[in-house]
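Residue-level listing of the chains:
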Amino acid sequence: MHLETTHIDPSLLPILETVSDPEIPVLSVLDLGVIREAFEEDGVVKIKLTPTYSGCPAMDVIGDDLRTAFAAIGKKAVVQLVLAPAWTTDWISEAGKQKMEEYGIAAPLSETADKDALLGNAKVVRCTNCGSQNTHLVSQFGSTACKALFKCDDCQEPFDYFKCLK
Amino acid sequence: MKNDLYNYILGIADNSLILGQRLGELCGHGPNLETDIALTNISLDLLGQTRSYFQYAATLVEGEKTEDDIAFMRTERDYKNVLLVEQPNTHFGFVIMRQFLFDVYHLQFMKKLQQSKDETLVAIANKGIKEVSYHERFSSDWVIRLGDGTDESREKMQEAVNGLWRYTNELFQLTEADKAMVSEGIAVDVSTLKDEYYAKVSEVLKEATLTIPDDNYFQKGGKEGIHTEHMGYLLADMQYMQRSYPNMKW
Ligand SMILES: [Zn+2]
Chain A
1 MHLETTHIDP SLLPILETVS DPEIPVLSVL DLGVIREAFE EDGVVKIKLT PTYSGCPAMD
61 VIGDDLRTAF AAIGKKAVVQ LVLAPAWTTD WISEAGKQKM EEYGIAAPLS ETADKDALLG
121 NAKVVRCTNC GSQNTHLVSQ FGSTACKALF KCDDCQEPFD YFKCLK
Chain B
1 MKNDLYNYIL GIADNSLILG QRLGELCGHG PNLETDIALT NISLDLLGQT RSYFQYAATL
61 VEGEKTEDDI AFMRTERDYK NVLLVEQPNT HFGFVIMRQF LFDVYHLQFM KKLQQSKDET
121 LVAIANKGIK EVSYHERFSS DWVIRLGDGT DESREKMQEA VNGLWRYTNE LFQLTEADKA
181 MVSEGIAVDV STLKDEYYAK VSEVLKEATL TIPDDNYFQK GGKEGIHTEH MGYLLADMQY
241 MQRSYPNMKW
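For the record, the sequence lines run as chains A and B.
FYI, the numbering for the first sequence is 1 to 166, going by full-length UniProt numbering.
FYI, the numbering for the second sequence is 1 to 250, going by full-length UniProt numbering.
Do not rely on the hints blindly, as some may be mistaken.
Here are the computed lysine-lysine pairs in the BS3-like style, where the Cα-Cα straight-line distance is at most 30 Å [unchecked claim]:
hint	chain 1	residue 1	chain 2	residue 2
1	A	Lys48	B	Lys117
2	A	Lys151	B	Lys179
3	A	Lys151	A	Lys99
4	B	Lys194	A	Lys46
5	A	Lys48	B	Lys2
6	B	Lys249	A	Lys48
7	A	Lys115	A	Lys75
8	B	Lys179	B	Lys220
9	A	Lys115	B	Lys130
10	B	Lys179	B	Lys130
11	B	Lys65	A	Lys166
12	A	Lys48	B	Lys65
13	B	Lys249	A	Lys75
14	A	Lys166	B	Lys220
15	A	Lys166	A	Lys97
To spell it out: a stretch of chain B is covered by chain A in this simulated footprint if at least three of its residues, at any positions, have a beta carbon under 8 Å from a beta carbon of chain A; those stretches are [to be verified]:
hint	stretch
16	45-53
17	123-133
18	217-226
Derived from the structure by calculation, the hints contain no laboratory data.
All values derive from a computational prediction rather than experimental measurement.
Cβ atoms here follow ideal geometry from the backbone N, Cα and C, with glycine treated the same way.
Sequences and hints are given; from them, build the entire structure.
So this is what it looks like as structure tokens:
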């Protein structure tokens with residue numbers, strides 16, 4: 001399930017790169033891996049977008065932002081929401097994970113490490129402030145459904161961890 | 001067939017819609033910031049799933065109804081959710097117990113829905129099951145923490161499970177739409193989930209040092225549209241905006 005195929009016309013990449021996740025503005029929709037298809041057909045840009053979480057309110061905003069971005073260069077974009085295959089955190093690009101960490105959100109760990117972290121079995125989530133792994137789970141749900149809230153026991157800073165979704 | 005499928009989808013979706021509405025009522029009223037956020041996040045997941053179901057249902061009656069009509073413009077008798085999810089929020093322990101009793105069922109249900117012959121339902125289940133696993137872990141943890149907590153928290157959790165137990169059996173009752181869709185290989189035969197459900201629930205309650213109720217009186221009716229008195233108030237609140245200012249979109 002690692003490399004689900006996407007079908008994105010490379011000439012559209014510069015515009016797609018300008019549209020970001022409203023909740024994590026440092027991530028573009030490409031970093032996030034939510035664009036499954038984007039190509040031009042009969043003068044219309046057709047985009048397939050997959051939600052991160054079912055009720056993610058960012059999806060409507062992303063749809064609007066995509067239409068606006070293409071309208072600015074005189075193109076009409078049609079955005080369709082697709083559920084299958086279901087989005088996984090594996091689709092976040094390496095560059096995206098890096099940007100996320102710099103922004104102060106710990107990037108998702110592997111499925112097993114994630115389970116250990118959320119069940120409190122192992123201290124594996126690294127503090128985004130000081131890098132210490134001496135951290136603990138405060139709440140399974142952070143500021144949004146995709147994140148959990150952690151606290152560092154060394155520098156005492158609270159931070160979000162982006163939960164692994166597979 | 002189409003009509004049965006439509007009714008079947010609404011039956012599933014209404015559980016998520018009504019529980020999502022109940023949890024949404026708690027926004028800003030949670031016992032602390034973290035649990036407040038957790039409960040509203042769960043609400044959002046449930047409403048997201050509901051939207052996917054209703055969008056699919058709307059395609060089956062193309063042109064007649066939109067997802068918003070289906071969500072907001074029905075009368076009480078046309079909602080087919082189980083009685084469990086419409087029970088009003090009282091104290092936090094009660095909210096958690098209601099959630100737990102639903103989550104255990106919901107997770108089992110989603111696992112089975114992944115094997116449906118209907119592609120769209122499978123897609124919704126594949127997406128939703130990841131969310132529901134988190135819900136179940138969250139509510140189970142809290143049941144254990146509060147049950148095996150102080151004398152007062154234990155007493156409140158016991159009172160909650162005693163009060164809600166009578167609504168659990170309805171989860172496994174088959175409606176006419178269920179039966180028709182089971183024979184098509186589309187629906188989950190919920191009657192087969194019962195033993196596993198009570199085993200799992202009992203295991204957690206035991207760990208929480210709570211007594212498993214041995215009540216044999218069970219209440220049902222929600223799946224047939226016959227609700228408890230709380231449902232009318234819930235709908236009045238939920239439908240107010242749409243009925244006062246028609247054609248709004250959620
Ligand atoms: Zn730190």
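Exercise for the section: Starting from the hint list further up, note which numbers the structure goes against and sort them upward. Expected result: 2, 4, 7, 11, 14 and 18
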